[in-house]
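J.: These are the residues of each chain, in order.
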Amino acid sequence: MIDPRAARTADPTAPAAAPAAGRPALEIAALHKSFGATTVLSGIDLAVAPSELVFVLGPSGSGKSTMLRCCNRLEEPDSGTILLKGTPVTGAGVNLNQIRQRIGMVFQAFNLYPHLTALKNVTLALRKVRGLSRAEAEARAVEALTQVGLADKAGNHPAALSGGQQQRVAIARALALEPEVMLFDEPTSALDPELVGDVLAVMRDMKSAGMTMLVVSHEMKFAQEAADRVIFMDGGSIVEQGPPERIFGAPEHERTRAFLSRVTGG
Amino acid sequence: MTPLERFLDTFFNAAVLAKYAPAILQGVWVTVELSVLIVLSGIALGGLLACVRAYRVRLLSFGIVIFADIFRALPPLVLILIVYFGLPNAGIFLSSFVVLYAILTLILAAFAEEILWAGITSVAKGQWEAARSTGLGFTQALLWVVLPQAVRLAIPPLTNRAIAITKMTALGTVIGVPDILNQATTAQSFSGNASPLMLAAVAYVLLFMPFVVLSRWLESRFAWRKV
Amino acid sequence: MEKFAEQFLNLEIMAAAWPTVVQGLWVTLLICLVVIPMGMAGGLLAALASLSPRRAVRWPMIAFVDFFRAIPPLVLLIFVYAGLPFAGLDISPFTAVAVAFFLNNSAYYGEIFRAGLLSVGTGQAEAARSTGLTAGQSLAHVVLPQAVRNVLPDLISNTVEVVKLTSLASVVSLGEMLHQADLARSVTYNASPIVLAAGIYLAILWPCVRLISRFERRMAT
Ligand SMILES: Nc1ncnc2c1ncn2[C@@H]1O[C@H](COP(=O)(O)OP(=O)(O)O)[C@@H](O)[C@H]1O
Ligand SMILES: [Mg+2]
Chain A
1 MIDPRAARTA
11 DPTAPAAAPA
21 AGRPALEIAA
31 LHKSFGATTV
41 LSGIDLAVAP
51 SELVFVLGPS
61 GSGKSTMLRC
71 CNRLEEPDSG
81 TILLKGTPVT
91 GAGVNLNQIR
101 QRIGMVFQAF
111 NLYPHLTALK
121 NVTLALRKVR
131 GLSRAEAEAR
141 AVEALTQVGL
151 ADKAGNHPAA
161 LSGGQQQRVA
171 IARALALEPE
181 VMLFDEPTSA
191 LDPELVGDVL
201 AVMRDMKSAG
211 MTMLVVSHEM
221 KFAQEAADRV
231 IFMDGGSIVE
241 QGPPERIFGA
251 PEHERTRAFL
261 SRVTGG
Chain B
1 MTPLERFLDT
11 FFNAAVLAKY
21 APAILQGVWV
31 TVELSVLIVL
41 SGIALGGLLA
51 CVRAYRVRLL
61 SFGIVIFADI
71 FRALPPLVLI
81 LIVYFGLPNA
91 GIFLSSFVVL
101 YAILTLILAA
111 FAEEILWAGI
121 TSVAKGQWEA
131 ARSTGLGFTQ
141 ALLWVVLPQA
151 VRLAIPPLTN
161 RAIAITKMTA
171 LGTVIGVPDI
181 LNQATTAQSF
191 SGNASPLMLA
201 AVAYVLLFMP
211 FVVLSRWLES
221 RFAWRKV
Chain C
1 MEKFAEQFLN
11 LEIMAAAWPT
21 VVQGLWVTLL
31 ICLVVIPMGM
41 AGGLLAALAS
51 LSPRRAVRWP
61 MIAFVDFFRA
71 IPPLVLLIFV
81 YAGLPFAGLD
91 ISPFTAVAVA
101 FFLNNSAYYG
111 EIFRAGLLSV
121 GTGQAEAARS
131 TGLTAGQSLA
141 HVVLPQAVRN
151 VLPDLISNTV
161 EVVKLTSLAS
171 VVSLGEMLHQ
181 ADLARSVTYN
191 ASPIVLAAGI
201 YLAILWPCVR
211 LISRFERRMA
221 T
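Protein chains in written order, with this note's numbering: chain A, 1 to 266; chain B, 1 to 227; chain C, 1 to 221.
Mixed in with the good hints there might be a few duds.
[Stated by the list, open to error] Below, in silico cross-link-like pairs of lysine-lysine (DSS-like), each with a Cα-Cα straight-line distance of 27 Å or less:
#1 Lys19/B to Lys120/A
#2 Lys128/A to Lys85/A
#3 Lys125/B to Lys128/A
[Claimed, not checked] Among the chain C residues that face chain B by a calculated CB cut under 8 Å, a handful are:
#4 Leu74
#5 Ile78
#6 Ala128
#7 Arg129
#8 Gly132
#9 Arg185
No lab work stands behind these hints, which were simulated from the structure alone. A virtual CB, placed ideally from N, CA and C, is assigned to each residue, including glycine.
With the rest of the complex left out, here is chain A:
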């Protein structure tokens, strides 16, 4: 099995004096982002502890995806800092391709490569970025596919997989690189209801294996069971956060209450 907590070789760019324990896996500070005249993120501060699952809630357009995409710089932040285990993600001179291997991302639309088999979807980055031999890459890909329960589908192209299976392959593609943090952007929103469970089960397994996860989703039940902390975003900032029991049971802010009653009650 791939242990997501597997020790990495010391990162030369990390400040040597910083203590490894007690530091957040992912630290976002004063993150701002606008698209033209629209401000999408206005000062996000968030620290995700190692092995923590942070669940992000919020109405459509509140900036959840943008926040996630700033974390691996698919979107370029206007200002603010992001640190991965103390290593800067933002700023000039960052080796983006190296840092991105340490941050896995799962997309709403899966974004599997349609011309490659499930196995090759997983091995591509292992071979081209990590420089593993074909045999090494395939061994590791099979492990990752086993972890998501799809070792038997290794030879299938995405078109021959169900939506849920495609999303699990996409998770395996990220997992195989042994990331330190995983970002999920509405991983089950594009799935038929009966296929959602399999994907959530895989995410639960990852959580219990100790993966650090930042999850944007509307699966409230999953949040209640698996999240360590729930964050409610609106209008580009974090309105409220806390353990799931409190956010769902006794939300403090009117906006949170309104949102929750709309998605659960309505």
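Once you have looked at the hints, place chains B and C with the ligands on chain A.
T.: Same frame as chain A, but now just chains B and C with the ligands:
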């Protein structure tokens, strides 16, 4: 002679056919050689240009677009005549074979660039993002993720275009490339009989028909992509 | 460099060749005016025949289309122009061009119309027929407009190819633009007249080529 006999004597004269078949066969090799060279280098060059354009360096892209536009807009024969008759007076001597090869290669490259570029831009943005999110660099994402998908989309139109342009090797006749048509027209004027032309037409059809049928098959196979 | 300018961009020679080249331009436009409508009409018929439910109509038509897609237009033109007189059919260069282009263009336009007709769902014709339109009316008023819209970029693109192909008529000494320019070239021993003709082709066709690229990009997204 009955009309039928006359027709057969004009277009299928056995003696004339036998006499000039070897010359026309020589022409077949010239045509095949040119076609293979043009297809290989034209598509390679077009692919390279489409890839360069993906980097979106303003000046480079502009140059590529101008190149592709000019070579798509001008009749091939115009380009061939300008180069073949113009260059010697400017002190540059190229054989007619080289002129024909170079011009048709550039024309195919221009079309291939446009077709592949359309393919590259039609690959979903999420494909780039997924690739980049796993640490692949821009060039790696282009080569391993985006280009293979673009090529798939491009194969039917590229096949059609490659056929149309290799057929233009017949234009070499005008500047004296000893291709099929050239051999046939020479033979026709020596023999005073149209049989060599008929043989040339048959040779072209035999040569290109398999590719036309292939392109029809490719189109029906890839047709689902349009809906 | 000077040698190049002298050989390719000699303004004096261009000015002298201008009337001759423009004379050719009119012939080029006249050829276009004849062969483009003819090719489109032939292509539409070929497309309809190649979609016929009757195999005896469909297969010969597909073979016809593929045959003329396989044969180079110049070969066809020379065959018609130089070959048919041997069979006692004396024809003018213009007729030869018209016949060869009709066969070649019908095949290419035919493939495009065929794809266009196939892209319109059968429900459209059925709906039209259900309101009492005849087969011809349903084709003309319902199916064909949609088919044409769906393949408009290909139609424009092929028409550009046809305009470019008219330059082949120079080979059979029809006095179209390239022929006239080449005439001036052979008198002056200078390529500038052909460059002038190239400039005129560009002025006509560049906007079309731009338009096609625009279309392709729109389809892609
Ligand atoms: N590339 C972009 N260009 C312009 N506006 C964008 C872009 N991406 C997102 N936005 C805008 O930013 C806002 C937040 O989007 P997003 O982060 O996707 O929200 P969420 O994921 O919470 O639904 C929306 O108003 C959206 O329209
Ligand atoms: Mg979103």
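J.: Does the structure keep Lys125/B and Lys128/A at a Cα separation of 27 Å or less?
T.: holds (20 Å)
J.: Hey, does the Ile78/C contact hint survive, CB to chain B under 8 Å?
T.: It holds, given that the least Cβ distance between Ile78/C and chain B is near 6 Å, below 8 Å.
J.: Would you settle whether the hint for Ala128/C is holds or violated, based on the nearest Cβ-Cβ distance to chain B being less than 8 Å?
T.: Because about 21 Å separates Ala128/C from the closest Cβ in chain B, which is outside the 8 Å limit, the hint is violated.
J.: For a C-alpha distance cap of 27 Å, please report whether Lys128/A and Lys85/A respect it.
T.: holds (25 Å)
J.: Are Leu74/C and chain B close enough, Cβ to Cβ, to be under 8 Å, as the hint says?
T.: holds (5 Å)
J.: Do the numbers back the hint for Arg185/C, that is, is its least Cβ distance to chain B under 8 Å?
T.: It holds, given that the least Cβ distance between Arg185/C and chain B is near 6 Å, below 8 Å.
J.: Does Gly132/C pass the interface check with chain B, least Cβ-Cβ distance below 8 Å?
T.: violated (29 Å)
J.: Measure nothing beyond the straight line between the CA atoms of Lys19/B and Lys120/A; if it is 27 Å or shorter, mark the hint as holding.
T.: violated (58 Å)
J.: Should the hint that Arg129/C touches chain B count as held when the rule is a Cβ pair under 8 Å?
T.: Because about 23 Å separates Arg129/C from the closest Cβ in chain B, which is outside the 8 Å limit, the hint is violated.
The structure is inconsistent with the numbered hints 1, 6, 7, 8, although it conforms to all the rest.
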